[in-house]
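Colleague: Each protein sequence line maps, in turn, to chains U and H. Using my numbering, read the first sequence as starting at 1 and increasing by one per residue. Using my numbering, read the second sequence as starting at 1 and increasing by one per residue.
Be aware that a few hints might be false.
What the hints assert, rightly or not - Covered stretches of chain H (chain U as the covering partner; in silico rule of three or more C-beta atoms under 8 Å from a C-beta of chain U):
| # | region |
| --- | --- |
| 1 | 14 to 27 |
| 2 | 96 to 102 |
| 3 | 167 to 179 |
| 4 | 214 to 221 |
What the hints assert, rightly or not - To give an idea of the interface, some chain H residues facing chain U are shown, with a C-beta separation under 10 Å as derived from the structure:
| # | residue |
| --- | --- |
| 5 | Cys80 |
| 6 | Arg92 |
| 7 | Gly113 |
| 8 | Pro115 |
| 9 | Asp116 |
| 10 | Thr152 |
| 11 | Met163 |
| 12 | Gln191 |
| 13 | Gln194 |
| 14 | Arg195 |
| 15 | Arg198 |
| 16 | Ser203 |
| 17 | Leu206 |
| 18 | His208 |
Worth flagging that the hints you see were computed from the coordinates, not collected in a lab. Bear in mind that the values here come from a model prediction, so they are computed numbers and not experimental data. Glycine included, each C-beta is placed from N, C-alpha and C at the ideal position.
2 protein chains.
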Amino acid sequence: MRELIAFDWGTSSLRAALLGAQGRLIEERALPRGILTVAPGGFPAVFDAACGDWMRPGGAFALLCGMVGSRQGWLEAPYCTCPAGFDELAARLAWVEPGRIAIVPGLSCERHGVPDVIRGEETQVFGAMELLGIGEGLFVLPGTHSKWVRATGQRIDTFATFMTGEFYALLRQHSILARTLPAADGELDAQAFQRGVRHALESGNLLHAAFSARTLSLFDRLPAAALPSHLSGVVIGEELRSQDLGALTAPLVAIGSPALTRRYELALQVLGVRVRSVGSEATWRGLWAVAQKLKDTP
Amino acid sequence: MRELIAFDWGTSSLRAALLGAQGRLIEERALPRGILTVAPGGFPAVFDAACGDWMRPGGAFALLCGMVGSRQGWLEAPYCTCPAGFDELAARLAWVEPGRIAIVPGLSCERHGVPDVIRGEETQVFGAMELLGIGEGLFVLPGTHSKWVRATGQRIDTFATFMTGEFYALLRQHSILARTLPAADGELDAQAFQRGVRHALESGNLLHAAFSARTLSLFDRLPAAALPSHLSGVVIGEELRSQDLGALTAPLVAIGSPALTRRYELALQVLGVRVRSVGSEATWRGLWAVAQKLKDTP
Numbered sequence: 001m002r003e004l005i006a007f008d009w010g011t012s013s014l015r016a017a018l019l020g021a022q023g024r025l026i027e028e029r030a031l032p033r034g035i036l037t038v039a040p041g042g043f044p045a046v047f048d049a050a051c052g053d054w055m056r057p058g059g060a061f062a063l064l065c066g067m068v069g070s071r072q073g074w075l076e077a078p079y080c081t082c083p084a085g086f087d088e089l090a091a092r093l094a095w096v097e098p099g100r101i102a103i104v105p106g107l108s109c110e111r112h113g114v115p116d117v118i119r120g121e122e123t124q125v126f127g128a129m130e131l132l133g134i135g136e137g138l139f140v141l142p143g144t145h146s147k148w149v150r151a152t153g154q155r156i157d158t159f160a161t162f163m164t165g166e167f168y169a170l171l172r173q174h175s176i177l178a179r180t181l182p183a184a185d186g187e188l189d190a191q192a193f194q195r196g197v198r199h200a201l202e203s204g205n206l207l208h209a210a211f212s213a214r215t216l217s218l219f220d221r222l223p224a225a226a227l228p229s230h231l232s233g234v235v236i237g238e239e240l241r242s243q244d245l246g247a248l249t250a251p252l253v254a255i256g257s258p259a260l261t262r263r264y265e266l267a268l269q270v271l272g273v274r275v276r277s278v279g280s281e282a283t284w285r286g287l288w289a290v291a292q293k294l295k296d297t298p
Numbered sequence: 001m002r003e004l005i006a007f008d009w010g011t012s013s014l015r016a017a018l019l020g021a022q023g024r025l026i027e028e029r030a031l032p033r034g035i036l037t038v039a040p041g042g043f044p045a046v047f048d049a050a051c052g053d054w055m056r057p058g059g060a061f062a063l064l065c066g067m068v069g070s071r072q073g074w075l076e077a078p079y080c081t082c083p084a085g086f087d088e089l090a091a092r093l094a095w096v097e098p099g100r101i102a103i104v105p106g107l108s109c110e111r112h113g114v115p116d117v118i119r120g121e122e123t124q125v126f127g128a129m130e131l132l133g134i135g136e137g138l139f140v141l142p143g144t145h146s147k148w149v150r151a152t153g154q155r156i157d158t159f160a161t162f163m164t165g166e167f168y169a170l171l172r173q174h175s176i177l178a179r180t181l182p183a184a185d186g187e188l189d190a191q192a193f194q195r196g197v198r199h200a201l202e203s204g205n206l207l208h209a210a211f212s213a214r215t216l217s218l219f220d221r222l223p224a225a226a227l228p229s230h231l232s233g234v235v236i237g238e239e240l241r242s243q244d245l246g247a248l249t250a251p252l253v254a255i256g257s258p259a260l261t262r263r264y265e266l267a268l269q270v271l272g273v274r275v276r277s278v279g280s281e282a283t284w285r286g287l288w289a290v291a292q293k294l295k296d297t298p
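Bound conformation, chain U alone:
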């Protein structure tokens, strides 16, 4: 069978992988060419620079996911409404070049009369389910905007976005707390981090809990070097506070880079919740699985 070019094209960077038989990774590349760096009309050239040599005539088929399918991307792939599984994704691809290049749509869901969206994370969740051999579960994808995703029967039922990474950066760089925090984050102080998690859970409100980074410093209760870890614990603790973790029947699955999933493991330890971590290989696996659906479709 044909090779697959799996492409994760996000806001600030892109990653591409050439996958062979059974989805085996042949080669992997990354470029700092997120969609925000690409001028209108510039997508074909960047795509070509990233993997033109893989697109031999009659050769690989390219499947893309992430913000490349947004209104600011190469071609808008309208959101699929939840619940959605492989079939819905495969049926709603946006074709950049028929039979050659396609973009996986993101998903939308609605809660309390307000919509929510993901682009790229749906593919990672499907990939993680394939890798772990499960068809349901609760998944967290930490990041600038963390996503919490619930799946049953190999379909995504619902999800919610938490602006955790972005709030940390805002507080870190632009708030009054920035005056007290050291210039660099330094290494994670696990104890200060978990204390921050606990404070967020007890306080129940980030608007209040974040102020602790100021007062603990004011009263010399925490050294300046430990404040970034404390604040990171506070925002991640706040994210965890709203998840229904008591009802879990299987381990929570965290998908992302080890540096990030490690923090979530530490935070979830405070709550006594078990977590399995999966790395970025989930994206390749998810794109591979969607591509197999296409092959099955006449």
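Given the coordinates of chain U, assemble chain H onto it according to the supplied hints.
Modeller: Frame of chain U, contents of chain H only:
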């Protein structure tokens, strides 16, 4: 009796008032000379520029409150621990010039093993109690850092800080939401504001609720002009979510400028909570009342 120079010297500005018999306002002044604009050693000159003409020999006595008593201010007035009333404040003044110029200390309290602090707001709460003829209640002082203060028996028992105004500014100016929001806030859209309040209450988490400003715009559910009001409602709603408003036996008291207290009235309407608003005259009244304590003390 002597005149009183009442002085509210905060981070970004200062206000001064000359008070006569019974605390009657004779004259009021404001300068954009908050403590952050004053170089070390520069406080006497700025004080003199603001009200030197009021400090006639044998004339007025000056009582100051606010961040001027912080470590970055004129003279540090160490925090008084809660509970605290007029007596504690009067006994713990920091004297810049004996008998002539004194600074009211701020208060500290502790919850969940984390300290909290106020400077200036304690004086406003005492002033509001004097103005309204009450000795207890729940008080909200909206601002960059909103304070929620509980008092009984003419003493402040406890309080909590919420970084509401600062979070709004961070999201407004530096977050991904800034891309969708119009350049200027425009007039408050009461309906969009109250919808934001409701969303924060239902969502239960600012990290999630704030994202609604992006998705409502993405799906054309809210015009761009209404997004600042929506976002303001979300952060103020998040602040209200954590207050124990069901147990109120008397109206909540909001202290601040009409532009701010008006938003809290609108937000509290969503919860069916009555509120009485008091303006900046509370500060003058509070300083006057502390000064009377001094007169009583031999």
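Colleague: Does each hint hold? Answer for all of them.
Modeller: Comparing the hints with the structure gives:
Judged by the Cβ-Cβ criterion of 8 Å, the region 14 to 27 of chain H is not covered by chain U as claimed, because only 0 of its residues qualify and three are needed. Three residues within the 8 Å Cβ limit are the bar, and the region 96 to 102 of chain H against chain U gives 0, so the coverage statement is violated. Counting residues of the region 167 to 179 of chain H whose beta carbon lies closer than 8 Å to any beta carbon of chain U gives 7, which meets the minimum of three for the stated coverage. For the region 214 to 221 of chain H, the proposed coverage by chain U is satisfied: 5 residues have a C-beta within less than 8 Å of a C-beta in that chain, meeting the threshold of three.
Taken as an interface hint, Cys80/H does not check out: its beta carbon lies about 14 Å from the nearest beta carbon of chain U, beyond 10 Å. Using the Cβ-Cβ criterion of 10 Å, the hint placing Arg92/H at the interface with chain U is not satisfied: the shortest such distance is roughly 17 Å. The closest approach between the C-beta of Gly113/H and any C-beta of chain U is roughly 8 Å, which is under the 10 Å cut-off, so the hint is satisfied. The beta carbon of Pro115/H is positioned within 10 Å of a beta carbon in chain U (closest approach about 5 Å), and the interface hint is therefore held.
Interface restraint check: Asp116/H against chain U, minimum CB-CB distance 6 Å, threshold 10 Å, status holds. Evaluation of the Thr152/H hint against chain U yields a violated restraint, the C-beta minimum of about 21 Å exceeding 10 Å. The beta carbon of Met163/H comes within 5 Å of a beta carbon in chain U, closer than 10 Å, and the hint placing it at the interface holds. The restraint placing Gln191/H at the interface with chain U is violated, with a minimum CB-CB distance near 14 Å, outside the 10 Å limit.
With its C-beta approaching chain U no nearer than about 13 Å, Gln194/H sits outside the 10 Å limit, and its interface hint is violated. Given hint, Arg195/H at the interface with chain U, holds; its Cβ is 9 Å from that chain's nearest Cβ, closer than 10 Å. Here the hint on Arg198/H is kept, as its CB sits about 8 Å from the closest CB of chain U, short of 10 Å. Interface hint at Ser203/H: satisfied, since its Cβ lies 6 Å from the closest Cβ of chain U, which is below the 10 Å cut-off.
For the restraint placing Leu206/H at the interface with chain U, the shortest Cβ-Cβ distance is roughly 5 Å, inside the 10 Å limit, so the hint holds. Contact between His208/H and chain U, as hinted, is supported at the beta carbon level, the nearest pair being about 5 Å apart and thus within 10 Å.
Of the numbered hints given earlier, the model fails hints 1, 2, 5, 6, 10, 12 and 13; all others are met.
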